[in-house]
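Please put together the full structure from these sequences, using the hints given.
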Amino acid sequence: MRPQDIRLDYPWRKDEQKTVSVELFPEDVSDPRIHKKIDSYVTFLNEYSLDFLSVTFGAGGSSWQKSIDFIAMLKQRVRIPIIAHITHLSFMKNSLANSIRRFYDLGIRNFLLIRGDPLPQDENAKDSRNKHSFQFTSDCLVYLKSLFSDCAFFVAGFPEGHPDTPNRGIEFDYLQKKIHAGASGIITQMCFMHHDVNDYIQRLRIKGLTTPVFLGLLPFRTRFRLDRIHRIALGARVPAALMEIVHSQNLQKSEKETLFTDYFFRELKQMRGYAGIHLYVLNNEICARKILPETIKIVTES
1 MRPQDIRLDY PWRKDEQKTV SVELFPEDVS DPRIHKKIDS YVTFLNEYSL DFLSVTFGAG
61 GSSWQKSIDF IAMLKQRVRI PIIAHITHLS FMKNSLANSI RRFYDLGIRN FLLIRGDPLP
121 QDENAKDSRN KHSFQFTSDC LVYLKSLFSD CAFFVAGFPE GHPDTPNRGI EFDYLQKKIH
181 AGASGIITQM CFMHHDVNDY IQRLRIKGLT TPVFLGLLPF RTRFRLDRIH RIALGARVPA
241 ALMEIVHSQN LQKSEKETLF TDYFFRELKQ MRGYAGIHLY VLNNEICARK ILPETIKIVT
301 ES
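First residue of the sequence shown: 1, per our numbering; consecutive thereafter.
Hints were generated in silico from the structure; no laboratory data involved. The reader is advised that the hints may include incorrect statements.
List of simulated lysine-lysine pairs, DSS-like, C-alpha gap at most 25 Å [as the list claims (entries may be wrong)]:
{"#": "1", "residue 1": "Lys36", "residue 2": "Lys75"}
{"#": "2", "residue 1": "Lys269", "residue 2": "Lys256"}
{"#": "3", "residue 1": "Lys75", "residue 2": "Lys145"}
Right, dumping it as structure tokens:
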């Protein structure tokens, strides 16, 4: 079996070493320039012993066909297992399994199951979709595992707090239901501060949950990233220390990037109890080249 086709059952490394992985987003594979760009990026990624790649699903499930096409292209180029994102609110219950089957037929055996957002449409259609979609990831997970028993399903976690559940006790009760439904691991929303991460993992262990946690970390580099985080990453809290760098009028761009990188590695070195680091470098090869080698070194030595 090819490495990119294996099911990920932690710990999948014999030495039980902490893992490092990268998230990508689907691009239009009909554009020849994308093939050239991805070929360059994949050549770089294949140089490292990454444990998996994940591919996002698109806001509101709007680009699920693009995800399938992109993963099909990616599988021809990488020697790394792939996790496909699925946002279950994007589908009626009767079409969700058919959509998973499309990825399954490509050889994908690993999925990150997230609630996501419903597709934008008029209120009547939205109400109908809500009635016929899985509202809770735990229920969706039970259903999918009954159909795809040879697949691993990961779920989302929120070290800095779930945007819809301000009560942390209730948040962890929901998370516990997802884990008991058969989640293979937790891949977190982007997080920035080690004390949030360490507190989150400690809370899991207090509840007796030993599920592996893969921390989603965003190498912060530009003000554009800050603005985008505020729009799409509900629940993530950008630290004041980073915001101060972003808004400084006295620092050059290169100086800001150095400070961002220093902050990233300083926080990473103080994070504890995780199974792996999942880098949200997306399709930015320049960022990956600056961050990935040192990240692997820190994780390996921790």
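Quick rundown of the hints versus the structure:
| no. | hint | in the structure |
| --- | --- | --- |
| 1 | Lys36 x Lys75 | holds, 15 Å |
| 2 | Lys269 x Lys256 | holds, 20 Å |
| 3 | Lys75 x Lys145 | holds, 23 Å |
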